[in-house]
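K.L.:
One letter stands for each residue in the lines below.
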Amino acid sequence: MARHVIAAVDELPPGTRKFLEIDGRPIAVFNIKGEYFGLMNRCPHQGAALCEGPLIGLAQSSNPGEIEYTKLGEIIRCPWHGWEFDIRTGQSYCDPRRFRVKAYSAHVEPGASVVKGPYVAETIPVKVESDYVVVEL
Amino acid sequence: MNIQFRENQEAASPLTTKSAIADCDIHPARATRTELYPYLAKRWQHHLEIYGVHAYQGMMEGPPYPKAQPNASRRDAYPPEGGPQGSSLSFMQEQLLDPNNVQLGVLNPLNTGQGIRNHELSAALCSAINDWQIDKWTSKDKRLKASIVVGNEDGLSAAAEIRERAGDKNFVQVLLLSRNVEPLGQRRYWPIYQAAEEAGLPVGVHAFGFGGNPITPSGWPSYYIEEMVGHSQCQQSALASLVLEGVFERFPKLKMVMIEAGFGWAPSLAWRLDKAWQRLRSEVPHVKRPPSEYIREQVWWTTQPMEDPERREDLFDVIKWIGWDRLLFATDYPHWDYDEPSRVLPAGVSEANREAFYLGNAKKLYGIN
Ligand code: FES
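Top line first, the protein sequences correspond to chains Y and S.
Each residue of the first sequence is one higher than the one before, counting from 1 in our numbering.
Each residue of the second sequence is one higher than the one before, counting from 1 in our numbering.
Keep in mind that the hints were calculated from the coordinates and are not lab data.
Be aware that one or more of the hints could be misleading.
To be verified - As a list, the in silico BS3-like pairs of lysine-lysine whose alpha-carbon atoms are at most 30 Å apart:
#1 S:K67 with Y:K71
#2 S:K136 with Y:K102
#3 S:K18 with Y:K102
#4 S:K255 with S:K364
Stated by the list, open to error - Sample of chain Y residues lacking proximity to chain S, with all beta carbon distances greater than 10 Å (derived):
#5 Q60
#6 D86
#7 A112
As the list claims (entries may be wrong) - Cβ pair distances, simulated, as ranges:
#8 S:W220 with Y:E11: 33 to 41 Å
#9 S:R187 with Y:L72: 52 to 60 Å
#10 Y:S113 with S:E226: 51 to 59 Å
All C-beta atoms, glycine included, are put in the ideal place defined by N, C-alpha and C.
Between the sequences and the hints, there should be enough to build the whole structure, so can you do that?
P.N.:
Laid out in structure tokens, this is it:
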């Protein structure tokens, strides 16, 4: 599994996302309150650039009239037909058995380890003193 | 809003890799509120500034329901130069026409001058929209063809607009909406059908409209999803009215296109009509043949929103009844329920049917070579 350095941590502050292409695959990486998530930027339904949609929460109901709204900012809603996916797992909420968008693990590594380790640096000039967001695929 | 767009848009696929298609439901939008003013007499510009627009529908601001996305549109369809989705020709070319190799795109402007209580204003706005379609769209891109928008509630002025545009190659159909003040077969709308038949233009009936009636037959619903499925109920009553009032009998060369309300319901509606007609024929003696015959001879259907049953055989059964020669592919661009051309038709369709579905039927119906 190759690891790709995709941004310095301060280039991807909380609430932002970055779109890039790795090995020909369109990927988006999100920073949600300091946690990083990577998703394939192609909707399994009809192929929209999924990650251009808004981040919303998950509305669920145990009974008509009772609504819980959870996972705030963790659900991506497709810009075309509005299918909802959990950005932590890529699971869809309309048909979780059949539809999933490929999720990639994204995390932060210190510059020293990035310089030494088996990383593929994607046009990011790596400095030892900074931290970097790394995607595995 | 926390949307950021990709830095590097994927390069559009080269045209030659995709076969040409027709897109029979594209919605062009106005970039600004006053974009139509150059086509409107001063009298109507001032009228709009002073009195605004008075629709039949009670809720004056916006449509009956907030839509599922801003402007009911794809979130990736905002033109780079600003303005609402669908308002930029160059972006439409880049996002829809070029990458999908669209050879014929039929424009259906919505929120125009239809369903307005002041019929003179309605006629003026519709005429302005038609001029605007030529100026801004069809004269600038020969793939695009316009629908003649008419002041639908006043059959006479609508017929006059059709006659004025007849023979103009920028236009390929007359556009009505499905929610009107009365069901579409009623006499007040007959001058429209007469003029369309004379001009050899099909009449498209697009879902939506502002007739002032509840948007489902059982009253105002709670949810937008009920409005979405209500479109097919509305088209069913419109089609029943067209058959039973005798429109197809009186105008045998008239062609109708049912736009954006599905087609899976067509066989069952026709079966129900036929059965009832056998028993109640004497009530409507002007309906001389079984209703299904008129429907199969004089009605076409656009595909979006394409029915998507679990078993593709079910879809093929429905299409077999309707006829592979009756479906017109449509994306509904830039709206949020857009159908992606490469993803709507399941495997197992013959090359000839596929060609008819994506292009041939539309070229034939709209008279495009
Ligand atoms: S393409 Fe994403 S929901 Fe249809």
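K.L.:
I'd like to know which numbered hints this structure contradicts. Please list them from smallest to largest.
P.N.:
2, 8
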